[in-house]
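K.L.:
With chain A's structure known, arrange chains B, C and D on it following the hints.
Chain by chain, the residues run as shown.
There are 4 protein chains.
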Amino acid sequence: MSTPRILIVFSSLFGANSSLGALAQSALTDAGAEVRIRRVREVALPSDVQPAAQNQPLADADDLAWADGFVFTSPSHTGLLSASIKAFIDEHHDAAVAGHYFNKTFTAMATAAFAHSGQERVVDDLNAVGASWGCILVPPSTASATMNKLDGNPYGLSFVLNHGQIPDPAIAREVLNEHLGRFAAITRAVAPLRGRDGASD
Amino acid sequence: MSTPRILIVFSSLFGANSSLGALAQSALTDAGAEVRIRRVREVALPSDVQPAAQNQPLADADDLAWADGFVFTSPSHTGLLSASIKAFIDEHHDAAVAGHYFNKTFTAMATAAFAHSGQERVVDDLNAVGASWGCILVPPSTASATMNKLDGNPYGLSFVLNHGQIPDPAIAREVLNEHLGRFAAITRAVAPLRGRDGASD
Amino acid sequence: MSTPRILIVFSSLFGANSSLGALAQSALTDAGAEVRIRRVREVALPSDVQPAAQNQPLADADDLAWADGFVFTSPSHTGLLSASIKAFIDEHHDAAVAGHYFNKTFTAMATAAFAHSGQERVVDDLNAVGASWGCILVPPSTASATMNKLDGNPYGLSFVLNHGQIPDPAIAREVLNEHLGRFAAITRAVAPLRGRDGASD
Amino acid sequence: MSTPRILIVFSSLFGANSSLGALAQSALTDAGAEVRIRRVREVALPSDVQPAAQNQPLADADDLAWADGFVFTSPSHTGLLSASIKAFIDEHHDAAVAGHYFNKTFTAMATAAFAHSGQERVVDDLNAVGASWGCILVPPSTASATMNKLDGNPYGLSFVLNHGQIPDPAIAREVLNEHLGRFAAITRAVAPLRGRDGASD
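Chains as they are written, first to last, in full-length UniProt numbering: chain A, 1 to 201; chain B, 1 to 201; chain C, 1 to 201; chain D, 1 to 201.
So that you can see chain A by itself, here it is in the shape it has in the complex (with noise of 0.2 Å):
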């Protein structure tokens, strides 16, 4: 398979994700992956939020079953999860349990406005979506002095916001050129277990 297809779904209410998928977009394209962006239906939403990208189209059912691998991007909401990202998962349980997502590949993103609070949790917790699904999870690891420049978090990148924004773009940009393309040489590598090795078909 010469072209890896990798979806990026995620989850704003206030920019910083919609941001960051779009710099993951471009990182993965980058590296040679068709890629597609698509947010999730917010379901929690404050009455005075207009909430971000809302222009942007929906994630469904063919995006799923479209890619080879998936890369979700939500914000810390009490330490866990989107209430919105989590519908999304709820709404495609029974495709993942009769294995529509078996081996393909799976990593994670997250940010939040404190150094700790639930940035490790939404990524773990993230994985633990990829593992049910019967994904081969792809977590950034502490081995590499690139990751750390975004302070050492080994199980999916994860952004400290700075007033609501993603800081210093020059770097998330140069961790996620290194992930992604890390991320996409190992979904080209394993699609073919899944029969899918032909061009991008």
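Note that these hints are calculated values from the structure, not bench results. Among these hints, one or two may not hold up.
Unchecked claim - In silico contact screen, one side only, chain D against chain A (beta carbon under 10 Å); selected entries: (1) S19; (2) G99; (3) Y101; (4) V138; (5) T142; (6) I186.
Note that CB positions come from ideal geometry on N, CA and C, so glycine has one too.
P.N.:
Just chains B, C and D now, with coordinates in the frame of chain A:
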């Protein structure tokens, strides 16, 4: 304080957590607590499902303010909290950060169809919410022969469903009586730290 | 009970947790507690390292029996508890299952060189031990402006080391004073549940 | 690469994980892998216990370097990894950070006497170690009827012991054959990313 006030919040699509909540209500009433039992709004409802317990009242900010202690119970959906109970948690995040639930007590319960598919993780994530809120956590332990009749989940009472039902209600009652009796006693003991020390009050 | 008895158990290879334990001891003494501070035996010692604090007494079964509440503090080694503090926990498993620590209080602390490399997971795993033992858990929350000076770890106080040292001891003292003062008060409030209600005693 | 090299590392006090390791060895050999099976040194041994499998060789740095993929298996002690397997992990932390295990594969297994007492947490903590090391994680999923014969632990194969023994060895073999066959295939597919692409070299 003679009478601790306990709020039971449950998420129930097919009815198991509604039944479990009712058993908990009975155990807490027997332990001398004043009890409210409330459901959360369903946010990720399959179109062909009529949710259980829709005639029961919805939990709201007043219930959270009223209570001295919280019992949260969720099914395991893809190994995590239901999206619906997460939406309820998200909607009360600001009050939590403002300290409204500080030094209240908290205990978690879960149900799932399989023995291992997230029952530890669901109560662990609920406990993480209680921790974020500043609650005092009361997990059931493995240090009790009664608790271990539920096969030893030390982090929260968890129930492996049998065709969607709580199995062996007699054991469920015995375990709930012991654990929630302890929970009520601890809630009573710490309430004076919040200035709750008169009659009920 | 006028004077709660608190046991601090620390694991320290290079000294950070030994220093942190001493700061905790000071905060607890100021809060009116009677304090013992004890190290654990090192079990996975690099051959060229002389462990910190080897002249301090080792924690033993008598210390665990004596205490009304526990403060456990561990470095993050490969993102988890040190093997040394885990060995101490394993060695007292039978007493825990027999209920010797039931209804005692528990809070967890951690240190690491990076912001995200297991600091949530270390305190979470320590809390899981407290839960297994039947302890009442007192995590610090995100519901306090003081706690959030440590960048918002709601599950346990955690410290990102600066060249192996606790950074900014003034903030560390402020945070420890507030959290451990609360911990001592809760320990005092629940001790009568264990029949500990006289003077100290 | 025709023959993936898999290292099984087990911690076994009373023998269950030694038996489980032997079953895994058999399943991996049948799947065409070259297998080493190694125990860890016991570090928290009760004085009256003769550890199981002490005549088997100890895992060392050379074994970790040799392998293309890792199977780690631990009992649940107080709901977490055994101290002994944690000591082994701690002792190889520097090599892990230096990237020696980057892009190798990893899967986790656990045993416990109770259904819920840490079996999710043990494999989750082992997976966290694999993530820190830069490994590609292969959890078993809930998307397989065979895996669910073990009652649905999606994060790692886990076994509820019956009087200290792996129950129903026929089911254990079936589950291990399916999961470790998949694990060997994924290990083979990703090995070229590490320059391991010839014959078994």
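K.L.:
Please write out, lowest number first, the hints stated earlier that are contradicted by the structure.
P.N.:
Going through the list in order, the structure violates hint 1 alone and respects the others.
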